[in-house]
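Engineer: Below are the chains, spelled out letter by letter.
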Amino acid sequence: MNTGLPRMTSMLDWVARLENVTGKLQALACTTETQVRSVAKVFEDMAGHTSTILKTAAALVGCVEKENIAAVMPKVQILGAAARRFIGDRLQASAGILKTVDTEVNLLQQLSVVSRNQEAIAVQIKALSVLTNIEVAHLGAVGAGFQYLANELADFSRAVLSDTRELTNHAENRRHAIEETRRVLSAELPRQREQLARIEADLGTALKLVDSGLSELSRTPAQFKVCVEDVARQIAGVVAAIQAHDITRQQIEHVQAAFALIAARMRTAEDPGKDPEKKDASELSQAYAGLTIQVYQLRTIEGTVASWAAQIRTCMNGILTVSTSEVVGIGPAVLEQEREVSSQLARIELLEGESQAYSARIERNLGGLSNLMELVTEHVQRSKSIRDRLRLLTFNSIIEASRLGTQANAILAIAKCIKEVASEWNGITDQSANAMERIATLVTETSGAMKMFSGAGSETLREAQAQTSAALDNLRNVAAAAAGHAQEMKLATDKMQSKAGEVKNSGDVLHASFGNLDEVLCEVEFVQQHLESHQPGLKHRYDATAVERMFSGSYTTELERQVLRAALAGTALPPPPTFAGNSVELF
Amino acid sequence: MKRILTVDDSASVRQMVCFTLRSKGYELVEAVDGKDGIGKASAAKFDLIITDLNMPNMDGIEMIATVRKLAGCAFIPILMLTTESQAEKKDAGRRAGATGWIVKPFNADQLVAVVQKLVK
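These protein sequence lines are chains A and B, in that order.
The first sequence stops at residue 587 when you use the numbering used here, and every number in between is there.
The second sequence stops at residue 1120 when you use the numbering used here, and every number in between is there.
To be clear, the hints were calculated from the coordinates, so they are not data collected in a lab.
Please read all numbers here as calculations on a predicted model, not as lab measurements.
Where a beta carbon is used, it is the ideal one built from N, C-alpha and C, also for glycine.
There could be a bad hint or two in this list.
Computed spacing ranges between beta-carbons, pair by pair [unchecked claim]:
| id | chain 1 | residue 1 | chain 2 | residue 2 | range |
| --- | --- | --- | --- | --- | --- |
| 1 | A | Asp13 | B | Ser1023 | 51 to 59 Å |
| 2 | B | Ala1043 | A | Thr34 | 22 to 30 Å |
| 3 | A | Leu491 | B | Ser1023 | 16 to 24 Å |
| 4 | A | Lys24 | B | Ala1087 | 32 to 40 Å |
| 5 | A | Ser10 | B | Ser1042 | 51 to 59 Å |
| 6 | B | Ala1011 | A | Leu491 | 29 to 37 Å |
| 7 | A | Asp13 | B | Ala1087 | 40 to 48 Å |
| 8 | B | Ala1011 | A | Cys522 | 28 to 36 Å |
| 9 | A | His534 | B | Ala1011 | 40 to 48 Å |
| 10 | A | Thr34 | B | Ala1087 | 32 to 40 Å |
| 11 | B | Ala1011 | A | Ser10 | 38 to 46 Å |
| 12 | B | Ala1087 | A | Thr545 | 18 to 26 Å |
Isolated chain B (complex conformation):
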């Protein structure tokens, strides 16, 4: 079973991501902010990381940059799922190593489609 790490300070968003993807057979692990995300990403192997941008303690951009430096995490697909849609933020995300960008609220079918595309 493919494993996905979802990082978001909003419990309801994590809940929706988990519900949408678990129903399609993925195993989901939750992290509440960037710091928690790094801890979980370094402790276990994931096939995909979905992260928010604006979070307390550590934001999504910083988390991606850190995760990319972890052993075995250089090529893990990382999707940003955020309320932000500014071009400069997207550029920052891309530079940090994000694979894609989804603006909240996400459409369940679209999320599943993009996850299926990235996690083969």
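Bound conformation, chain A alone:
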């Protein structure tokens, strides 16, 4: 019968083939033991790097959480709001000061008119004094009593002139100061508006940057840690896979032992000294069943090895996809953003300093208003006194002139003039008093505007500055720590990834070594096919219990027993050992 298979001349040739594959399995076991140890060593190194990365990542994540980085943003926002309010209040206060300054300019113009009128009256009084002197000389001894009137008028004239000049000078100085203040304020208001707009825009941009940087700082290290934890889990899987080699090694040893038993059965079947009919059939059917079991065992080993290879590949892919670029970039990026916010903080501080100096200057300029009020008050008092004296003089002059009769008509005319002047003076004095009252109101208004200007939001701003400064210090420290940790992680990741090539090589060599199992399987299946063609129906004639007893005695793993049962039942192979770890039982 032509089976299409090479012709086997004797059972001993098949036995020799089995002995040959046993030798191959022995070599495979020795080789792979060394290779597995080599893979294990590389993974041990990689696990060390993973552990370093995880510790560093945990430190970084802990640092970000501990320093409550999320709190930085509200503080910077408060600072932005305080700076805006500060400048806004200053703008409002400046507008208020400008209004009081405008009022004061009007007031000074009114005072100037009052002063001019008073000077004109002083000239009139002087003229009346001269006329009175002339008339006193004309009257001779009779008019001696009017000399007092002439002297008084001369004194009034001098006093009024001196007083009004002083007031005029003061008002003039004041006008200069006011004009400077107006000039400064007029220039300052647009500048402040511009600064407000710029700070609004810059702070808005900085806030957006910080917001994105902070969320990255909170997210990236945690994500990186999760990624590395995944690698650590895969490495743990490889640790389990490496142990599975111990199961495989035992399986190979037991397959080798089984081949020896099967070879013995085949030799017995060839022994001519025994009953060839019965013995040959029993021994060969047990040998055939034994070969079926070994094929199952070898296929299970192949499955287990494929699982290791897959575990190692998954782990390698995981390691190679670990990227430190984001985590390395985040620290410097946040430091850059922090510098931007810090520069805004410095600008706000500068603005606040400028504002204080500007405030002091305006305060100096406007501070003279109360002096002016004092001067006007004194002036009004003196004017009232002069008015009263003029009234008295007028009254006395009229009485005295009336007593002298017609010879004192001129004096009487002078007295009437004095009466008119006194009346006019009275009006001017009222104007002065009115100006004084308005100055008093203005002093209060200016003082309020200055207070608002000087104190506008300063306290809130300073508090916000201090809090933001502290928050930025924290952020800087965290970002610097992140940058440092990230470098450490990058170094360890680079080392770990550089090992990946080594693992891949070792894994490939290991996988290739187990590739020899195919050759062994071909040989065994070849022998099986020839046994069957030698003794048709052989595979149905064995005693399953006897076969199980014959081969399972040496088994040391549950997997081998499951495989044996599957082989005898002709069912599917059991799954390869799990790398997730088995249960732990404490007695």
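Position chain B against the provided structure of chain A, taking the given hints into account.
Structural biologist: Showing chain B alone in chain A's frame:
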């Protein structure tokens, strides 16, 4: 530092046990079979012994029974780390004086947890 003796004829398994536990701060000593294990256990003090069951020269059960008779070793926790999971084998281990049973392949976290529990 707590000392642990790991006994296994598989070098790669010993390597994995050592690597897993050294990373947690334990000091590990290796023995290649039961006989070697007894020699090392009698020469120095250990806080825990982790042993395989099936080994050449002397198996794990016999080694445990012998170690229990050594001076100062009666109460050392001994874990069996083996591919075997048959109930009769576990019973034999318990009778010999094993403290616990772990089936290979072990999960690193589980091994660390049980070692931490036994070695205080």
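Engineer: So, for every hint listed, does it hold in this structure?
Structural biologist: We went through each hint and held it up to the structure:
For the pair aspartate 13/A and serine 1023/B, the supplied restraint of 51 to 59 Å holds, since their beta-carbon distance comes to about 54 Å. Range check, alanine 1043/B to threonine 34/A: Cβ separation about 29 Å, and the 22 to 30 Å hint holds. Between leucine 491/A and serine 1023/B the beta carbons are some 19 Å apart, a value that agrees with the proposed interval 16 to 24 Å. The hinted range of 32 to 40 Å is satisfied by lysine 24/A and alanine 1087/B, whose Cβ atoms lie roughly 36 Å apart.
Checked against the given bound of 51 to 59 Å, the beta carbons of serine 10/A and serine 1042/B, roughly 55 Å apart, stay inside it. At roughly 31 Å, the beta carbons of alanine 1011/B and leucine 491/A sit within the given window of 29 to 37 Å. Here the CB-CB span from aspartate 13/A to alanine 1087/B is close to 44 Å, well matched to the stated 40 to 48 Å. For the hinted restraint 28 to 36 Å between alanine 1011/B and cysteine 522/A, the CB-CB distance of approximately 30 Å keeps it satisfied.
At roughly 43 Å, the beta-carbon separation of histidine 534/A and alanine 1011/B lies within the given 40 to 48 Å, and the hint holds. A hinted range of 32 to 40 Å for the beta carbons of threonine 34/A and alanine 1087/B is consistent with their spacing of about 35 Å. A hinted range of 38 to 46 Å holds for the C-beta pair alanine 1011/B and serine 10/A, which are about 41 Å apart. A hinted range of 18 to 26 Å holds for the C-beta pair alanine 1087/B and threonine 545/A, which are about 21 Å apart.
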